[in-house]
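Colleague: Sequence:
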Amino acid sequence: MRYWLMKTEPGEFGIDDLAKRPRKTEPWDGVRNYQARNMMRDEMKKGDRVFIYHSNCEAPGIVGIAGIVREGYPDPTAFDPEDRHYDPKSDPANPRWYLVDVKFERKLRRTIPLTELKAQAALEGMALVRRGNRLSVMPVSEREWKYILSLE
DNA sequence: GCCAACGTTGGC
DNA sequence: GCCAACGTTGGC
1 MRYWLMKTEP GEFGIDDLAK RPRKTEPWDG VRNYQARNMM RDEMKKGDRV FIYHSNCEAP
61 GIVGIAGIVR EGYPDPTAFD PEDRHYDPKS DPANPRWYLV DVKFERKLRR TIPLTELKAQ
121 AALEGMALVR RGNRLSVMPV SEREWKYILS LE
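Count the first sequence with our numbering and you get residues 1 to 152, in order.
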């Protein structure tokens with residue numbers, strides 16, 4: 001089993017929206033970045049665990065835990081001209097964008113803010129705290145996962 | 001709202 | 001294949 005972190009904007013779709021979904025599950029659509037795509041298509045497996053991170057908001061940070069319940073499949077929003085993530089260059093016969101289904105597990109007892117994560121020497125190597133990082137899906141090591149949970 | 005950092009596009 | 005221009009991300 002592997003560990004991941006996925007960003008989302010709470011103004012668009014936050015951890016509480018995920019918790020309210022039928023079966024607490026949501027297709028993680030709309031990701032349009034090749035590195036993130038590759039991870040969702042090739043590397044994320046059923047049962048993997050995910051930190052949900054709120055970005056672009058008043059208090060950016062890790063807010064909860066989810067699990068992967070369906071492995072990579074083509075992102076249908078790429079084929080829908082009405083969708084704001086429509087990509088005319090994604091051919092259904094050879095899809096460009098992929099997603100996974102994510103299921104709510106629990107909220108953390110508190111948000112662990114980005115500022116706090118940045119202050120931890122133990123987390124120096126994390127992609128999340130590196131300057132200019134813009135990846136919306138990234139791996140988390142087991143050591144980092146446990147360390148972050150110990151801050152909860 | 002600002003702006004640095006980064007990814008993508010497209011002309012050459 | 002280079003690289004300038006452009007668009008987006010996301011913290012602050």
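Worth flagging that the hints you see were computed from the coordinates, not collected in a lab. A portion of the hints provided could be inaccurate.
Estimated spans, in silico, between C-beta atoms of each pair [claimed, not checked]:
1) Pro88 / Ala121: 25 to 31 angstroms
2) Tyr86 / Arg134: 29 to 35 angstroms
3) Ala127 / Arg106: 31 to 37 angstroms
4) Glu82 / Ser150: 43 to 49 angstroms
5) Ala59 / Ala122: 17 to 23 angstroms
6) Thr115 / Pro22: 30 to 36 angstroms
7) Ala59 / Asp91: 38 to 44 angstroms
8) Lys107 / Arg84: 26 to 32 angstroms
9) Arg32 / Leu151: 38 to 44 angstroms
10) Arg109 / Asp80: 35 to 41 angstroms
11) Asp80 / Arg143: 21 to 27 angstroms
12) Arg23 / Pro74: 28 to 34 angstroms
C-beta atoms are modelled at their ideal positions from N, C-alpha and C, and glycine is treated no differently.
Colleague: Hint by hint, say whether it matches the structure.
Modeller: A quick look at each hint next to the structure:
Against the hinted window of 25 to 31 angstroms, the Cβ-Cβ separation of Pro88 and Ala121 comes to about 46 angstroms, which falls outside the hint. Separation of Tyr86 from Arg134 is about 21 angstroms and departs from the stated range, judged on CB atoms against 29 to 35 angstroms. Separation of Ala127 from Arg106 is about 23 angstroms and departs from the stated range, judged on CB atoms against 31 to 37 angstroms. Taking 43 to 49 angstroms as the suggested C-beta distance range, the pair Glu82 and Ser150 conforms, at roughly 45 angstroms.
Distance hint for Ala59 and Ala122: a CB-CB separation of about 22 angstroms, consistent with the stated range 17 to 23 angstroms. At about 35 angstroms, the beta-carbon gap between Thr115 and Pro22 stays in the expected band of 30 to 36 angstroms. At roughly 40 angstroms, the beta carbons of Ala59 and Asp91 sit within the given window of 38 to 44 angstroms. Between Lys107 and Arg84 the CB atoms are about 28 angstroms apart, so this pair conforms to the stated range of 26 to 32 angstroms.
Checked against the hint of 38 to 44 angstroms, the pair Arg32 and Leu151 fails, with Cβ atoms roughly 31 angstroms apart. Hint check: Arg109 to Asp80, Cβ distance near 38 angstroms, so the stated range 35 to 41 angstroms holds. Taken as a hint, the range 21 to 27 angstroms is violated for the pair Asp80 and Arg143, whose Cβ atoms sit roughly 40 angstroms apart. In this structure, Arg23 and Pro74 break the distance hint of 28 to 34 angstroms, their C-beta atoms being roughly 21 angstroms apart.
Going down the numbered hints, you'll see the structure goes against 1, 2, 3, 9, 11 and 12, while the others check out.
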